[in-house]
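> Each chain, written out:
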Amino acid sequence: MRHVLLLAAIGLALPSLALADPPPGGIVHVSVPAGTSLREYGYQLYGGNCVMCHGSGVRGVYRPAASDELGPRLRGVGSLAADFYLRTGYMPVRSAHVQPRRSRVLFSDREIRALVAYVASLGPGPAIPQPHPGRGTVAEGLTLFTRHCAGCHQINAEGGYVTGAVAPPLGDSSAVEITEAIRVGPYLMPRFSKRQLSDGEIDSIIRYVQHTKDPEDRGGWSIGHVGPVPEGIVTWLIAMVVLVAICAVIGRRHEA
Amino acid sequence: MKRWLIAAIVLLLGRRPRAAALRRERMVPPGPPDRGAELAVLALLLAATVCGAAFPVVYAVDSIPNQTQFLGLSLGLCLAFLAAASILIAKRLVVTEELEEDYPPPEHPTEQEALGQLVDESGDRFTRRRLIVVGAGAAGTALGVALLTPAASLGPAFHMDPFFRTPWRRGRLLVDEDGHPLLADDVEEETFYTAFPQGADREQLGAPLVVVRLPPAQLDLPSGRRDWAPRGILAYSKICTHAGCAIALYRKPTFPPTEPRPALVCPCHYSTFDPARGGDVIFGPAGRPLPQLPLLVDGSGRLRAAGNFSGAVGPSWWGVRNRSPYA
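Protein chains in written order, with the working numbering: chain Y, 1 to 256; chain L, 1001 to 1327.
Just so you know, these hints were derived from the structure itself, not from any lab. Hints may contain errors.
So the derived label-pair ranges between C-beta atoms look like this [claimed, not checked]:
(1) Y/VAL244 / L/ASP1161: 27 to 35 Å
(2) L/ASP1280 / Y/ARG135: 38 to 46 Å
(3) L/PRO1033 / Y/THR235: 20 to 28 Å
Computed footprint of chain L on chain Y, listed as stretches where at least three residues anywhere in the stretch have a Cβ under 8 Å from a Cβ of chain L [unchecked claim]:
(4) 126-134
(5) 162-169
Glycine included, C-beta positions come from ideal geometry on N, C-alpha and C.
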């Protein structure tokens, strides 16, 4: 109860600040005395930066009217989801009505660990995964990526579109972030349970995604890895030169 | 058949030359014949004919590996041989000479005619003109047929059956990619599954399904489909009704109040279907809803089909839209 009251006080005190200068410009860094537990530090940070949308976390969405609902409740999401959203810079998001995008991380590493510890303490949830891409194989990863991921992210993991959202490119994603995203399903992405994709299979997918960052271009030119249209244009340009050359060979200059 | 073919060739090539009496007297002696060049032209025209004729054959035989490459090769070679034959004719068989003369006054028709004949015959170096013409005609015909062949891809003309015959019937078990039966309890929300009919050819247009689960309270299925989604589990044809791509995308909101509603999306042209409303099109070029398959859960919790699709599967062609599928 004391916590809720404290959060309510912070929540009431902050909107002026939050509205005048919304995130990512408006991160509240709190100072805590030495010896404060990580969870307590995270609790204070949560009150300063997250409570406006996510509410107390225990009670669900803080704002009472349904039309004002701004963010999902975090109870039970575990450290996995919190770590993903904070490490990728998805949170804090500028507006609750836009897709969170990868951006500059505004919290320090210690602040992220504190927030993750606090969110994890709200209820039992999945821990931060520990993938081992070294154990996976590129070939299996290609098969799995084609089946589950390439529809949106494209076969070369360079991202794409679904109606209503952008599927981000995966070039900047770490192994842990890829695993977390597969389990969480951020924004409109489906999530995949361990029954659909085992940890071993995710290792292979990560191995494949890492492979796409530095692919072998056996044909010689990569031409941006953007598919057959630019490749066709390049072919045309070469063919044009060849055709003009043939015309020059078989033709005869008119002699006046 | 063989005899007819031989008869046709004999008729075409072996006809006697027209009576000499009908021929005009030559005014210019024929140019020096170039038998080698003529033979080469004939060989090139024959090669072009063979390549052009190969195109419809490669097109029709689906079992040929690397079919696309061979299609391109046959058409490309046909054009290349024709081009080579034309170049050879221009360089070696047509006499090129430039004569400068005063243009005769136009009031003498006989002279005009003679001039025309003069021009005609000046270019004449052919000894087997008829054969060359037949060769060029054959090559041209083969090329024309090759160019017209792809029109067969504009729509199904011969095999309409796959659009209406599906392997689904009441009681058919749904299995996953590895052939394991799909259990109702294993199907979770916020994700999607691909399913196939047990013991049927998966390559059939009507075979693959995309299976999703939604909270039953969110469903707004058309009347008559109230019991098609037991426990909120829905099955739709995985083949887009626009151009026949696989529905490989499922979008689901993490936080429904601020995010778009769940939808099945085709990656080819972004046709977007609403699984909660019987596969209605909510965006994109598709012209009709995604066909839904009624489901039932059997005694051991496995998912089975409860009938056939709500409409014809696969891309839409003339007359396909409004017919019903049969098992």
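> It remains to establish, for every hint, whether it holds in the given structure.
Against the structure, the hints come out as follows:
1. Y/VAL244 / L/ASP1161: 27 to 35 Å: violated, 50 Å
2. L/ASP1280 / Y/ARG135: 38 to 46 Å: holds, 44 Å
3. L/PRO1033 / Y/THR235: 20 to 28 Å: Because 42 Å falls outside the window, the suggested range is violated.
4. 126-134: Coverage by chain L is violated here, the residue count being 0 at a Cβ distance below 8 Å.
5. 162-169: Since three or more residues must qualify, the claim that chain L covers the region 162-169 of chain Y holds, with 4 doing so at under 8 Å.
Hints 1, 3, 4, counting from the list given before, are not met by this structure.
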